[in-house]
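Asks: Spelled out from the first residue to the last, the chains are:
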Amino acid sequence: MFVRYSMTASVITVTSEDSLEKARNLMKTNRIRHLPVVDEINRVLGIVTDRDIRLAAPSLLEISCEPGSERKRIAQMPVEAIMTKDPVTIRPEDTLQDALILISIYA
Amino acid sequence: MRKTGFLYEKQYLQHITSPYHPEVPERLTAIWKGVLEADYADKLTIINARPAEGKWVQTVHHLQYVYRLKKACETGMKDFDYPDNRLCGKTLDIAILAVGGVLETAKEMMDGKIDNGFCAIRPPGHHAEYNRAMGFCYLNNTAIAARYLQMEYRVERIMIADIDVHHGNGTQMAFETDPGVFYYSIHEHPSFSFPGTGREFEKGRDNGYGFTMNATVLPGKGDKEYREILEKTLLPAADAFRPQVVLVSMGFDAHKEDEMSGIRLTTPCFTWIMERIMEMADRYAGGRVLSILEGGYEVDTLAELSHNHVEILMKGT
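Read top to bottom, the protein sequences are chains A and B. Each residue of the first sequence is one higher than the one before, starting from -6 at the first, in this note's numbering. Each residue of the second sequence is one higher than the one before, starting from 1281 at the first, in this note's numbering.
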């Protein structure tokens, strides 16, 4: 009934200064698609998803003087540049019904 | 000693539900016993009700809804919209008289004839929506009173503190886009309690976003949690909003003896809550508090709770 009994307690996170490359690698290694972005005391600042990273990647049709340079530039961009800021959150003491209603509101 | 009005109307007993229904006329007779037999009774200003004008009812409810309710009463239907909304032939008339009594008490307060007041009415109102009766409620007395204060007295900032153990879905709905009415409700968590609304993320919408606040309490909790939550939410909200009038949707059903919820407040906690509300009203609203009865179904405790409630209104803080 309560979120605390259904949630994943220790989640893999990134900071807002981490690079997109790091975020992408964390997703790939851990076979996950979402990373909460947290500050130094683990407060949630945003969320970044594999879709956000795909959308940030340069088009295959990108014409650059130096092949791959644009891809390299984007890989070094901070997560903050593409994360969704102030995401909807829920507390462990809230109920699964609260979570379902929130998802239905924001879906 | 403040001048406190007490809305006393015998006709409110004529809304008959059923002997096994929680919302029975005996609730009012218990309250009358607690208030009118008290030492302080002769110092109360007794207010009698008159039927509300239709124009005020229509500030909150659709006219077709009122006609639908009228027809249901006239044709002898036993319930309305939901099986727990029991009807008798006089339900609508008494509901209109309840609204009228509240407006009469509000008028006395705004005209300075009383400082504050307690409206011992039935049927209750805070679940009644624009076009739907719910939770023993047919006309939303508190919401209509707020509209009356806005339109008749040009009150710009009204705070509704809903202390009933259930969320006042009808009242919230009436004002969720209105920044002139701050609706605050503390209630048992909606995952465990009727009507299932009043989640903490419900904060109003459009221009009214931020002017609805819901505080939820888990079943089994009591005084300590209520005090902490009210200090952390209601009081700062009032400091920010600076209400000119405070309306209280006064439910006594969070009491530990009341089987309507799993919340376990003691009698002194109700006193503590009302004292905080009075302080809040003194600070911003010139002491103008209009308390309107909602729930509270344990008849044996209602006399004492209502006795204390009116005593605080009279004494102040």
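Treat the hints loosely; a few may be bogus.
Simulated restraints, written as ranges between beta carbons of each label pair [what the hints assert, rightly or not]: (1) Ile83/A / Lys1393/B: 48 to 56 Å; (2) Ile83/A / Arg1507/B: 24 to 32 Å; (3) Thr1513/B / Arg47/A: 36 to 44 Å; (4) Asp79/A / Leu1515/B: 46 to 54 Å; (5) Tyr1433/B / His27/A: 40 to 48 Å; (6) Asp43/A / Lys1351/B: 55 to 63 Å.
Residues from chain B shown here face chain A by an in silico Cβ test under 8 Å; the list is partial [stated by the list, open to error]: (7) His1469; (8) Phe1474; (9) Arg1479; (10) Thr1513.
Rather than coming from a laboratory, the hints here were simulated on the basis of the structure. The C-beta atom is built at its ideal place from N, Cα and C for all residues, glycine as well.
Asks: Could you run down the list of hints and mark each one as holding or not?
Replies: Hints and how they fare:
Taking the beta carbon of each, Ile83/A and Lys1393/B are about 49 Å apart, inside 48 to 56 Å as hinted. Separated by about 25 Å at the C-beta atoms, Ile83/A and Arg1507/B satisfy the suggested range of 24 to 32 Å. Between Thr1513/B and Arg47/A the beta carbons are some 42 Å apart, a value that agrees with the proposed interval 36 to 44 Å. Between Asp79/A and Leu1515/B the CB atoms are about 26 Å apart, so this pair departs from the stated range of 46 to 54 Å.
At about 52 Å, the CB distance of Tyr1433/B to His27/A disagrees with the hint of 40 to 48 Å. Between Asp43/A and Lys1351/B the C-beta distance comes to about 58 Å, which sits within the given range of 55 to 63 Å. At its closest, the beta carbon of His1469/B sits 7 Å from a beta carbon of chain A; the interface hint therefore holds under the 8 Å criterion. Because the smallest distance between the Cβ of Phe1474/B and any Cβ of chain A comes to about 14 Å, over 8 Å, the interface hint for this residue is violated.
Annotation: Arg1479/B was flagged as interfacial toward chain A, and the flag holds, the nearest CB pair being 6 Å apart, inside 8 Å. Against a cut-off of 8 Å between C-beta atoms, the interface hint on Thr1513/B is violated, since the closest Cβ of chain A lies about 15 Å away.
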